[in-house]
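> One-letter residues, chain by chain:
Protein chains: 2
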Amino acid sequence: MGTADYKAQVERWGIQEITLKGKTEGNPFTDYTIRGVFTGKSETVEADGFYDGDGTYKVRFMPSFEGEYHFRAEGSFAEDAAEGDFTVIPAGKGNHGPVRTVNTYHFAYEDGTPYYSIGTTCYVWALQSDERISQTLETLKKSAFNKIRFCIFPKHYAYNLGEPRSYPYEGTPMDSSVLNTENFFAYTGKTEGNSWDFYRFNPAHFRHLEYCIGELEQMGIEADLIVMHPYDRWGFSQMQADQDDLYWKYVIARFAAFRNVWWSLANEYDLMAAKKITDWERIAGIICEKDPYQHPRSIHNCMAMYDHTRPWITHCSIQRQDLYKTTELVNEYRMRYHKPVVMDEIAYEGDIQYGWGNISGEELVRRFWEATCRGGYAGHGETYMSPDDVLWWSHGGVLHGESHKRLGFLHQIMCETPGIGLRPYEKCSFDETVAVPEDVMMSFAPVKDYYLYYYSFMRPRFREFYFDDTTKFRVRVLDTWNMTIEDRGICSGRFKIDLPGRAYMAIQLRKAE
Amino acid sequence: MGTADYKAQVERWGIQEITLKGKTEGNPFTDYTIRGVFTGKSETVEADGFYDGDGTYKVRFMPSFEGEYHFRAEGSFAEDAAEGDFTVIPAGKGNHGPVRTVNTYHFAYEDGTPYYSIGTTCYVWALQSDERISQTLETLKKSAFNKIRFCIFPKHYAYNLGEPRSYPYEGTPMDSSVLNTENFFAYTGKTEGNSWDFYRFNPAHFRHLEYCIGELEQMGIEADLIVMHPYDRWGFSQMQADQDDLYWKYVIARFAAFRNVWWSLANEYDLMAAKKITDWERIAGIICEKDPYQHPRSIHNCMAMYDHTRPWITHCSIQRQDLYKTTELVNEYRMRYHKPVVMDEIAYEGDIQYGWGNISGEELVRRFWEATCRGGYAGHGETYMSPDDVLWWSHGGVLHGESHKRLGFLHQIMCETPGIGLRPYEKCSFDETVAVPEDVMMSFAPVKDYYLYYYSFMRPRFREFYFDDTTKFRVRVLDTWNMTIEDRGICSGRFKIDLPGRAYMAIQLRKAE
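Protein sequences, first through last, are from chains D and R.
Each step along the first sequence adds one to the number in our numbering, with nothing skipped, and position 420 is 420.
Each step along the second sequence adds one to the number in our numbering, with nothing skipped, and position 32 is 32.
Bear in mind the hints are in silico, worked out from the structure with no lab data behind them.
From the three backbone atoms N, C-alpha and C, an ideal C-beta is built for every residue, glycine too.
Check the hints yourself; a few may be wrong.
[Said to hold, decoys possible] Straight-line alpha carbon distances no greater than 35 Å define the calculated DSBU-like cross-link-like pairs of lysine-lysine that follow:
no., chain 1, residue 1, chain 2, residue 2
1, D, 496, R, 339
2, D, 496, R, 141
3, R, 276, D, 325
4, R, 276, D, 427
5, D, 405, R, 325
6, R, 325, D, 339
7, D, 325, R, 325
8, R, 325, D, 276
9, D, 325, R, 339
10, R, 496, D, 190
11, D, 496, R, 325
12, D, 276, R, 427
13, R, 496, D, 405
14, R, 23, D, 325
[Claimed, not checked] Now the stretches of chain D that chain R is said to cover, found in silico as 3 or more residues with beta-carbon under 8 Å:
no., stretch
15, 167-179
16, 314-328
17, 352-363
18, 460-474
Can you build the whole structure from these sequences, using the hints too?
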């Protein structure tokens, strides 16, 4: 038998990592196989390993159950297989397992705790300096965000024309000093001057991303990994199919054991001219085959929506398709796709020249509430111009806006939902957005247990209610912007609730016993 | 020959009124005819007259040309016809004639002066006390409004359950002391207790409305007359076809000679359960036949849009069909109907309980600018709750809001348009609304003479422009809310315009010689 390093104990939904030495001749990234089989009382999991450089091979595993496990690591990477035993102990504090789709339109952690997504986007925060990364993590720690979208590949786009801290492949990039920063689009997708070996990864690049994913995991933040994207001057968006496949297998072998990983096949897939729908479907097949844990999977549009009815897609990841109606379309997307609707891009709070990056904090928070009360989820981002050209949406760092401060309040209200998740209430009037619990059984009751009325930009001085003559409700008036809650006591029959005549108010009714 | 009172001189587009005595036996409103023929060098106009009570009959005429005219008034109302001559002198100051459709999508007065509509709605301002009417006229005088929508019939609706100052028919209304004001809908369309003779008008009611129309005319405000509407507890919305026809003929005979009259067949026609499309088309036929001056004609929807392609419709009068996209749909309506698009109801500034009456001043002004830059027109209204229950939208009175103060600035900018009217510029990007002049000939030029960029709720810190290397533009930055104009000089080639990072900004570019 070969020898392997591994932990004697690992917590449920933690990571067991088997480290082994192996061959270095030729190209270890492509010439050899490595594979682990992990067997406990309730599961047997097979997982591909990967080459981590310097003669080191690794196989990772995320156990879904407590108890005794046995592993066997084998493959052409070494003459002998390695075996061993370890114990899976209960999940630690804050570890609820991976996120799953539940109730058709919602999410919960594997331990059953509802997961109400409050996402943000920082495309290449993980490819910045150590100092900036620490700053970003500090900002995230103080925030309400429980999901962050970011890239594995570096990004070439306005406000982000520098070089990343490292590259995913062996080789050298084009000389970026020739860039005309006034017209970065001219370099998008141009690959001249780059010299990469797309069959030899740079393990340090991936190890660093693992550090970042691990830090997020510790904070309970889902890592919504954008594995491919079109904002590219290095050629990573134009690799051949076999190179893409190799990349995806490497990414899955390295990252899948992190419980907080989500797979976003691409950002703005429809801008990737070199890819066809058949490419995305082939890649989806690889993920479904190679990810033993079936992490959430989606693909994000620019203009043209992907067909989110495809069975491999676990949830919709949607960029707004209209300047004026954004999360107001959640109802339609729910009907069309019958999956959780995550509107990750609904324009960002900021003041840059682009319309997708210069809405107010008020408007962004309003869009979050509309998404929520329609049974979907929204995504944040911030694009304020800054003297140092550091914009949260691209680099992370610190937040300058107003919207992020209000999302914890929204999350608190979401967590008050009976059952898991809200759905839009079809019996509401034209001038309000009303949510009731998603729970199907409750919906048969003539009067729901819970109503959340949201008035958006409207500013009623009062609203009147009538459900029946007897049901008693605990009434609370929520100011979603100022984050105040006013208890208005128990009401029944016909009742009138006074409001302050300001925008962004909500009324919460909960059946009182 | 019979004798008649009339003026020896009348100004072009003024009113010549022939007053005659006639029969009083039976029902003079239905039993006799009266008709005038007015002949000048360039026109012969035939117009029905009407019975004004107390044995008095009248025929009115609006001359479209200067010079000598002859008239002859005849009919069964009297034994003898009456004839006479009068002179039409040039139009006085501020008299530009009636409003006509021009450039397919726009309006001009008959003398060629562009008419850029800035409308408001005060449904029954004309049926209030003398004191309130004076107050409303005073408010209008100080405002930028050049069109007002209001009703001939009294209105039964929330915040407006009282009795009007007079009724259009002889008879008595139901006892309104029995009304349950909490549930006024229960009385809508119920006619019990009313007792009217739908064949005998109350001339005083109409004379008073003529006073109001005349006052508006003096201020250069178009009277967009809502001739029928569904908010009714008196039965006026449920008359028989012959009664409707009699009413319309009476209205036309009395009001058509006022140059500022527009015909709105109905407000929210689709809520008038007793009427069918064939009724509206029959009524439209009466107007086309009986109105010698072809005043603007339209019909206003609640939910279901009327088919505005019908040839008798001179312009679209539209209530918003979506809570979030209102005047943003002007582009679509222009394409669909090929007529001026007037979005008369796009929610009102205020704070009442209904979503159509509680948006902010900022949002209403934004909707006006969107309408304008898309080549359409918007309508104002105000519904702030008030201790005396006087709401501008229903009663007139004084304005409490913020939007009306900004509409004069918009009108000023509209008046700077080369030619008549703006159209949406198809070459704009997703995140701006851009207008260019409607003028068809100009549109063949590679670079337009004039561009109006509007950024709506977006808050760019700058925008960049490039048309060609040589064309010079005079650049002005408009703050549409604070009503400031900053001249940024002459720019050409690639240029960047800094902005303050606030919402509601616009950039105006005018080709410099």
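> A separate judgement is required for each hint: does it hold in the structure or not?
Hints, verified against the model:
1. D:496 x R:339: Violated, at about 44 Å.
2. D:496 x R:141: violated, 38 Å
3. R:276 x D:325: Holds - the C-alpha atoms of residue 325 of chain D and residue 276 of chain R are around 34 Å apart, at most 35 Å.
4. R:276 x D:427: Roughly 28 Å separates the two Cα atoms, so the pair holds.
5. D:405 x R:325: holds, 28 Å
6. R:325 x D:339: holds, 26 Å
7. D:325 x R:325: Status holds; Cα separation ~7 Å.
8. R:325 x D:276: holds, 34 Å
9. D:325 x R:339: holds, 26 Å
10. R:496 x D:190: The hint holds at about 27 Å.
11. D:496 x R:325: holds, 29 Å
12. D:276 x R:427: The hint holds at about 28 Å.
13. R:496 x D:405: It holds: about 33 Å lies between the C-alpha atoms, which stays within 35 Å.
14. R:23 x D:325: violated, 63 Å
15. 167-179: Our answer is that it is violated, as 0 residues pass the Cβ test (under 8 Å) against chain R, missing three.
16. 314-328: holds (count 5)
17. 352-363: holds (count 9)
18. 460-474: holds (count 5)
Comparing the model with each numbered hint stated earlier shows that hints 1, 2, 14 and 15 do not hold.
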